[in-house]
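Enquirer: Make the full structure from the sequences, and use the hints.
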Amino acid sequence: MNRHLFDNRLNIARLLRWFYLICAALLLLDFIYHRHITHQIEAILGFYGLYGFVSCVVLVLAAKALRKFIMRSQSYYDSD
Amino acid sequence: MTPTELPPFLIFYLAAFALLLSRGWLRHAVLLLTPLVGFLNLLGTVHGMHWQITIFDYGLTPYRVDSLSLFFGYLFHLAAFIGIIYALHVRDTMQQVAALLYAGSALGAVFAGDLISLFVFWELLAVTSVFLIWARRTPQALAAGMRYLIIQITSGVLLLGGALFQVHHTGSIAFDYIGLTGVGSWLIFIAFGIKCAFPFVHNWLTDAYPEATPTGTVFLSAFTTKVAVYALARGFAGTEILVFIGALMTCFPIFYAVIENDLRRVLAYSMINQLGFMVCGIGIGTELALNGAISHAFNDVIFKGLLMMAMGAVLYRTGKINGSELGGLYKSMPKTTAFCLVGAASISAFPLFSGFVSKSMVMVAALEQGHDWIWLALLFASAGVFHHAGIKIPFFAFYAHDSGIRVKEAPTNMLIAMGLSALLCILVGAYPWALYRLLPFPLDYTPFDASHIIAQLQLLFFSALAFVWLKLSNIYPPELPSTNIDAEWIYRRFAPSLVRILTFAIHTIDSKVRNAAITLTQKLTRIIYQFHGPEGILARTWTTGSVALIAMVLFALILSITVWL
Chain A
0 MNRHLFDNRL NIARLLRWFY LICAALLLLD FIYHRHITHQ IEAILGFYGL
50 YGFVSCVVLV LAAKALRKFI MRSQSYYDSD
Chain B
0 MTPTELPPFL IFYLAAFALL LSRGWLRHAV LLLTPLVGFL NLLGTVHGMH
50 WQITIFDYGL TPYRVDSLSL FFGYLFHLAA FIGIIYALHV RDTMQQVAAL
100 LYAGSALGAV FAGDLISLFV FWELLAVTSV FLIWARRTPQ ALAAGMRYLI
150 IQITSGVLLL GGALFQVHHT GSIAFDYIGL TGVGSWLIFI AFGIKCAFPF
200 VHNWLTDAYP EATPTGTVFL SAFTTKVAVY ALARGFAGTE ILVFIGALMT
250 CFPIFYAVIE NDLRRVLAYS MINQLGFMVC GIGIGTELAL NGAISHAFND
300 VIFKGLLMMA MGAVLYRTGK INGSELGGLY KSMPKTTAFC LVGAASISAF
350 PLFSGFVSKS MVMVAALEQG HDWIWLALLF ASAGVFHHAG IKIPFFAFYA
400 HDSGIRVKEA PTNMLIAMGL SALLCILVGA YPWALYRLLP FPLDYTPFDA
450 SHIIAQLQLL FFSALAFVWL KLSNIYPPEL PSTNIDAEWI YRRFAPSLVR
500 ILTFAIHTID SKVRNAAITL TQKLTRIIYQ FHGPEGILAR TWTTGSVALI
550 AMVLFALILS ITVWL
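Listed in order, the protein sequences are those of chains A and B.
The first sequence maps to residues 0 to 79 in numbering that gives the first Met the number 0.
The second sequence maps to residues 0 to 564 in numbering that gives the first Met the number 0.
Among the hints, a few may not be true.
What the hints assert, rightly or not - DSS-like mimics (lysine-lysine), calculated; alpha carbons at most 30 Å apart, straight line:
1. LYS470/B - LYS67/A
2. LYS330/B - LYS470/B
3. LYS511/B - LYS522/B
4. LYS63/A - LYS470/B
5. LYS334/B - LYS470/B
6. LYS67/A - LYS319/B
7. LYS330/B - LYS407/B
8. LYS319/B - LYS470/B
9. LYS63/A - LYS319/B
10. LYS330/B - LYS319/B
11. LYS407/B - LYS319/B
12. LYS334/B - LYS407/B
Source of the hints: derived by calculation from the structure; they are not laboratory data.
Expert: Laid out in structure tokens, this is it:
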């Protein structure tokens with residue numbers, strides 16, 4: 000059987016390592032490069048990174064909580 | 000009417016007819032040549048009203064060419080061409096004819112210069128497209144198609160009503176800037192809003208699109224909602240309420256998209272999110288915002304089409320589309336995976352991919368106009384769209400845990416269509432100026448400046464970081480086979496049960512009233528029987544003497560009363 004790219008766990012670890020590295024580099028860039036800004040809030044160091052991270056965590060946790068209210072069985076509408 | 004003034008819809012309608020008379024390679028030729036001929040025809044046109052018909056004293060102008068209609072005209076030809084290649088393996092006359100008629104109707108609608116022509120094509124859009132849903136030929140598709148049709152026709156009826164009010168009000172049937180000024184304009188606004196999937200009237204989209212055939216959804220995702228965006232841009236540019244509606248549209252569907260299992264339904268929710276950016280831009284109404292909204296419509300047709308095609312290919316090959324049943328398909332469908340990743344990068348607005356510039360234009364315009372909160376909402380939605388469309392779609396279909404499904408790669412025609420779209424995503428993304436020359440307003444905007452690119456990359460990479468963290472710590476909600484109720488619950492569950500309860504209440508009251516009436520009648524009959532029955536006092540045979548006596552007593556009584564008075 001063919002072994003594929005992510006069958007090897009080492010490749011996943013490698014991918015993640017590169018990914019973390021890029022994240023760190025992007026964050027550090029804020030200390031070196033001064034983005035020109037339109038709004039005051041953009042001036043906060045790492046604003047975009049923080050906003051993206053927090054947004055997504057809030058999104059997922061809220062969506063997970065939403066399941067309690069809106070999730071029904073797959074056949075919920077079948078009697079229509 | 001010279002040949003260069005042939006209305007675009009006519010070419011598609013004639014071709015649809017020609018399909019019925021052809022088969023085999025000839026039919027393929029007709030299908031492929033139609034958008035090409037249409038496109039050449041469009042290249043030859045000049046701005047202006049090209050065709051006028053007078054009906055009941057009203058001058059209809061079904062073929063108006065200006066920069067806005069032309070932009071959508073080019074886009075729809077392109078979308079039709081890609082869609083036709085993608086569906087070339089399909090051997091189903093109904094779908095092929097419906098697809099051409101549908102694309103033709105969309106062209107008819109964007110070139111319509113008056114409200115009556117617009118109404119006609121508006122309804123034709125609904126009637127022709129529903130066959131792409133019904134063509135799936137499952138009970139679910141049949142029911143969803145019927146609901147879709149009812150809602151779409153309602154939108155058309157509102158448009159007609161609004162148009163009549165508007166004609167009465169302004170004396171003109173021309174379809175130009177309308178603005179929210181009276182009953183007619185509101186009716187038209189709601190009609191456009193239904194087709195544009197405004198919140199609470201959006202469920203026809205998430206209900207019907209995932210039920211259509213794998214190829215049908217690709218056509219559906221290109222036309223209906225973009226016609227609505229065009230109509231809003233022409234009729235309601237700068238209408239402030241659209242800013243808020245648009246922002247709401249970008250935000251609420253992403254919560255649904257995160258927990259939705261059917262990956263084509265995830266894309267349907269994601270489509271509402273993208274429409275939100277366009278609606279918001281139209282509401283802001285500055286030249287930059289409108290250019291952003293319109294170019295985003297172009298990009299969305301291509302990248303959402305690409306994602307729909309990738310998911311369609313998965314559905315076509317595996318027969319499955321639920322995230323909970325898929326995974327690991329990168330092993331057997333590597334090319335589809337690669338194309339899907341290009342689509343995912345584009346919808347997420349990665350720099351050098353097509354969504355980046357158009358989405359940024361809308362967001363910069365929001366900031367410039369002082370809509371700070373709206374800007375933050377759009378930023379949240381941008382992070383969210385990467386999360387559900389950029390990561391979730393490719394991850395659960397092609398990676399995640401290996402579902403063990405091994406299939407063939409998608410058919411060649413599907414790969415060509417996806418490849419073409421992917422190429423466009425990268426071309427427009429890396430060299431946006433070619434496209435932006437076609438925009439209705441002159442563009443004074445620097446698409447690639449370092450600040451902007453860094454900000455966007457930070458936003459996206461840290462959104463991805465959130466996904467990685469949530470997934471590795473098992474907080475991320477698993478894909479579950481389920482139905483998530485939405486606004487459709489109002490008309491699929493609440494209204495029917497309300498009708499049931501009301502019917503029950505009316506039935507109960509009705510039967511009680513009837514019973515009471517019957518009992519009363521029975522009692523009365525019994526009393527009457529008592530007096531008049533065979534044994535009743537009034538039914539007895541009286542002697543002449545006693546009758547005379549009674550008569551005399553009565554006479555005396557009456558006499559004495561008369562005298563006394």
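Enquirer: Hint by hint, say whether it matches the structure.
Expert: Hints, verified against the model:
For a cut-off of 30 Å, the pair hint linking LYS470/B to LYS67/A stands: about 20 Å separates their Cα positions. With a C-alpha separation of about 22 Å, the suggested pairing of LYS330/B with LYS470/B holds against the 30 Å cut-off. With a C-alpha separation of about 16 Å, the suggested pair LYS511/B and LYS522/B falls inside the 30 Å cut-off, and the hint holds. The suggested pairing of LYS63/A with LYS470/B holds, with an alpha-carbon distance near 13 Å, which does not exceed 30 Å.
For the proposed pair LYS334/B and LYS470/B, the alpha carbon gap of about 26 Å is at most 30 Å, so the pair holds. Taking the CA atoms of LYS67/A and LYS319/B, the gap is about 26 Å. The hint holds against a cut of 30 Å. Distance restraint check for LYS330/B and LYS407/B: the Cα-Cα separation of roughly 10 Å lies within the 30 Å cut-off, and the hinted pair is therefore satisfied. For the given pair, LYS319/B sits about 23 Å from LYS470/B by alpha-carbon distance, which is consistent with the 30 Å threshold.
A hinted pair counts as satisfied when its Cα atoms are at most 30 Å apart, and LYS63/A with LYS319/B qualifies at roughly 24 Å. A hinted pair counts as satisfied when its Cα atoms are at most 30 Å apart, and LYS330/B with LYS319/B qualifies at roughly 16 Å. Between LYS407/B and LYS319/B the alpha-carbon distance is near 14 Å, which keeps this suggested pair within the 30 Å criterion. For the suggested pair LYS334/B and LYS407/B, the alpha carbons sit about 11 Å apart, so the restraint of at most 30 Å is met.
Comparing the model with each earlier hint shows no violations; every hint is respected.
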